[in-house]
Amino acid sequence: DAKTTQPNSMESNEEEPVHLPCNHSTISGTDYIHWYRQLPSQGPEYVIHGLTSNVNNRMASLAIAEDRKSSTLILHRATLRDAAVYYCIRNSGNTPLVFGKGTRLSVIA
Amino acid sequence: DAGVIQSPRHEVTEMGQEVTLRCKPISGHNSLFWYRQTMMRGLELLIYFNNNVPIDDSGMPEDRFSAKMPNASFSTLKIQPSEPRDSAVYFCASSETGPMNTEAFFGQGTRLTVV
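As given, the protein sequences belong to chains W and D, one line each in that order.
Our numbering applies: residue 1 is where the first sequence begins, and numbers increase by one.
Our numbering applies: residue 1001 is where the second sequence begins, and numbers increase by one.
Calculated from the structure, these hints are not laboratory results.
Please read all numbers here as calculations on a predicted model, not as lab measurements.
Any given hint could turn out to be false.
[What the hints assert, rightly or not] So, partial list: chain D residues that the calculated Cβ filter (under 8 Å) puts toward chain W: (1) L1045; (2) Y1048; (3) D1057; (4) F1091; (5) Q1108.
[To be verified] Just some of the chain W residues that point at chain D, by a computed CB distance under 10 Å: (6) P17; (7) H34; (8) K69; (9) N94.
Glycine included, each C-beta is placed from N, C-alpha and C at the ideal position.
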């Protein structure tokens, strides 16, 4: 049970920002929110993670709602290489990541 | 570091044969995970180790599956005997502590086909 809800698919134009939503309404106070992505024919790769505050790194930004029941992964300028399945994962304690179905992002040139 | 290294990248075997998948985690990482990915079931956790000790193998589908981690730099996943429904991509991942707030690194996977 991934315990998060994401749209099955999204589409974006190249060079446009992309906002990938994730619902985790039953999140507990100690759960982190992780985002991973899986490019075609590759293993998943880490994108970003956070607990309460918004987070930025070279790949993306993570905006976490004040009540922590939802979050949004923001790709500031989508490129063709960003086409992948994006997984939003809530994780509590020292336990492994549990992947759901994720959101398949298509980027149109 | 070269990242998590899995071998072989591709394996085709006949039903009933033994299959051994190998994983070399990133040096210094103390958690190792085996996942399986199929179109139908997505990414499933099979087993994970912490400091070379199996912590949770509840995801291992059957007794035909076994995993070992004899030392910090090597792990194997064995299927004996293999069946066509075992066909999948098997991923190994490692992380520095647990995955709660640290990054997990995945290998390129082993694509297993059982005919």
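For each hint, the structure was consulted:
1. L1045: With a minimum Cβ separation of about 5 Å from chain W (threshold 8 Å), the hint on L1045 (chain D) holds.
2. Y1048: holds, 5 Å
3. D1057: violated, 12 Å
4. F1091: holds, 5 Å
5. Q1108: Cβ of Q1108 (chain D) sits 6 Å from chain W, so the hint holds.
6. P17: Violated, about 24 Å.
7. H34: Holds, about 8 Å.
8. K69: This interface hint is violated because 19 Å lies over the 10 Å limit.
9. N94: holds, 3 Å
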